[in-house]
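Asker: All chains, please: the whole structure from these sequences, using the hints.
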Amino acid sequence: MPATGISNVRRRIMIEKEGAVLELEAFVVINYTYQQGKKQLTRQLVAVVTEVGARDVEVKFLRPYGDSKSVFVFPQKPDEDTVTKDQIAKVL
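For the sequence shown, the positions run 23 to 114 when this note's numbering is used.
One or more of the hints may lead you astray.
Stated by the list, open to error - Once the Cα atoms are required to be at most 25 Å apart in a straight line, the calculated PhoX-like pairs of lysine-lysine come out as:
(1) K91 / K112
(2) K82 / K107
(3) K61 / K107
(4) K82 / K112
(5) K99 / K82
Stated by the list, open to error - Distance ranges between label pairs, derived from CB positions:
(6) G59 / K107: 26 to 32 Å
(7) V95 / K60: 29 to 35 Å
(8) Q62 / V95: 27 to 33 Å
(9) K60 / F96: 32 to 38 Å
(10) L63 / V43: 16 to 22 Å
(11) R85 / Q57: 17 to 23 Å
(12) G59 / P100: 25 to 31 Å
(13) G59 / L114: 27 to 33 Å
(14) Q58 / E102: 20 to 26 Å
(15) A111 / E73: 17 to 23 Å
(16) D108 / G88: 28 to 34 Å
(17) K60 / Y87: 31 to 37 Å
(18) S92 / G59: 29 to 35 Å
(19) E47 / R85: 15 to 21 Å
These are calculated hints, taken from the structure and not from any lab test.
All residues carry an ideal CB built from backbone N, CA and C; glycine is no exception.
Answerer: Set out below in structure tokens:
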């Protein structure tokens, strides 16, 4: 008989984001805004969705592999954050 615990059930949580579906393990581009001196800058980062809440999304960021602009890997030390759904620029 299969286990019925919630941890054993794979949930698929979806949200509409400009015609694309946001779900667990989806790769996304995040607009990450930060201060540098008096300037407010925005950087786009690639991440994978780990949890989806009502307003927020938990993500793990990736980094470019070497000098590549098209190959991304997870860093050795996990880089995780909670971002708002408004910060998601694109679902890949």
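Asker: State for each hint whether it applies.
Answerer: Verification of the hints:
1. K91 / K112: OK: K91 and K112 at ~17 Å, within 25 Å.
2. K82 / K107: holds (14 Å)
3. K61 / K107: holds (24 Å)
4. K82 / K112: Answer holds: K82 to K112 is near 15 Å, not above 25 Å.
5. K99 / K82: Holds - the C-alpha atoms of K82 and K99 are around 11 Å apart, at most 25 Å.
6. G59 / K107: 26 to 32 Å: holds (29 Å)
7. V95 / K60: 29 to 35 Å: Between V95 and K60, where Cβ atoms are some 34 Å apart, the hint holds.
8. Q62 / V95: 27 to 33 Å: Taking Cβ atoms as reference, Q62 and V95 lie about 29 Å apart, which means the hint holds.
9. K60 / F96: 32 to 38 Å: holds (33 Å)
10. L63 / V43: 16 to 22 Å: For V43 against L63, whose Cβ atoms are near 30 Å apart, the range 16 to 22 Å is violated.
11. R85 / Q57: 17 to 23 Å: holds (21 Å)
12. G59 / P100: 25 to 31 Å: Distance hint for G59, P100 holds at roughly 28 Å.
13. G59 / L114: 27 to 33 Å: Cβ of G59 to Cβ of L114: about 32 Å, so the range 27 to 33 Å holds.
14. Q58 / E102: 20 to 26 Å: holds (22 Å)
15. A111 / E73: 17 to 23 Å: Check passed, 19 Å falls within 17 to 23 Å.
16. D108 / G88: 28 to 34 Å: holds (32 Å)
17. K60 / Y87: 31 to 37 Å: At 33 Å between Cβs, range holds.
18. S92 / G59: 29 to 35 Å: Cβ of S92 to Cβ of G59: about 31 Å, so the range 29 to 35 Å holds.
19. E47 / R85: 15 to 21 Å: With Cβ atoms ~18 Å apart, the hint holds.
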